[in-house]
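Participant: Letter 81 of the sequence shown, counting from 1, is numbered 81 in the numbering used here, and no numbers are missing.
Source of the hints: derived by calculation from the structure; they are not laboratory data. Wrong hints could be hidden among the right ones.
Said to hold, decoys possible - In silico DSBU-like cross-links for lysine-lysine, where the CA-CA straight-line distance does not exceed 30 Å:
1. 98 to 79
2. 79 to 90
3. 98 to 126
4. 98 to 70
Unchecked claim - Here are the simulated distance ranges between beta carbons:
5. 72 to 37: 22 to 32 Å
6. 121 to 95: 17 to 27 Å
7. 106 to 52: 34 to 44 Å
8. 109 to 12: 39 to 49 Å
9. 99 to 18: 21 to 31 Å
10. 119 to 89: 39 to 49 Å
11. 12 to 85: 46 to 56 Å
12. 40 to 120: 30 to 40 Å
Ideal Cβ placement from N, Cα and C applies to all residues, glycine included.
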Amino acid sequence: MAQDSSPLQDGDYAALADFRAALRGFLAFSEARAGEVGLSPRQHQTLLAIRGAAPGQATIGYIAERLILKPHTASELVKRLEALGLIVRKSSQQDRRKTILALTGRAEGLLLQLSTIHREEIRRLKPLLIRLLDRFG
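Hey, can you work out the whole structure from these sequences and the hints?
Facilitator: Here it is, written out as structure tokens:
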């Protein structure tokens, strides 16, 4: 990967600051919406990761990788979601030793609600994000 070795200018710092502020604004939006339906941000991310995984791929290891967590932390997160009735564990059809995570109907409903408003927010932010990214050349 080629690296730009030109010296950073004041505008580069401003662009980085603006980009990080926009990302943080989206994260704050996301955290607030998750809280409104009774989920922590990590719980919401976990449900989204499970729903977005390829068939048969949503394992605790996959959750750990997607959320950048240690496996034991991902395991505890999954246990809490299971206790809340939001996910279930199923044995893999191909490998009975492998446990696959699946959303319950309740989780599907919550995730649909959250994902719909997140998609709207991303569409709203798209012009700003494109302008910010264009500042990086």
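Participant: None of the hints should be skipped; say for each whether it holds.
Facilitator: Evaluated hints:
The suggested pairing of residue 98 with residue 79 holds, with an alpha-carbon distance near 16 Å, which does not exceed 30 Å. Note on residue 79 and residue 90: the hinted pairing holds, with a Cα-Cα distance of about 14 Å set against a maximum of 30 Å. This hinted pair does not check out: residue 98 and residue 126 have alpha carbons roughly 39 Å apart, beyond 30 Å. The suggested pairing of residue 98 with residue 70 holds, with an alpha-carbon distance near 18 Å, which does not exceed 30 Å.
A C-beta distance of roughly 27 Å is found between residue 72 and residue 37, which places it inside the suggested range of 22 to 32 Å. A hinted range of 17 to 27 Å is violated for the C-beta pair residue 121 and residue 95, which are about 39 Å apart. In this structure, residue 106 and residue 52 break the distance hint of 34 to 44 Å, their C-beta atoms being roughly 18 Å apart. Taken as a hint, the range 39 to 49 Å holds for the pair residue 109 and residue 12, whose Cβ atoms sit roughly 44 Å apart.
Under the hint 21 to 31 Å, the C-beta atoms of residue 99 and residue 18, about 43 Å apart, miss the expected range. The beta-carbon spacing between residue 119 and residue 89, approximately 29 Å, falls outside the hinted interval of 39 to 49 Å. For residue 12 and residue 85, the hinted distance range of 46 to 56 Å is satisfied, since their beta carbons lie about 48 Å from each other. The given range of 30 to 40 Å is broken by residue 40 and residue 120, whose C-beta atoms sit roughly 22 Å from each other.
In this structure, the hints that do not hold are numbers 3, 6, 7, 9, 10, 12, in rising order.
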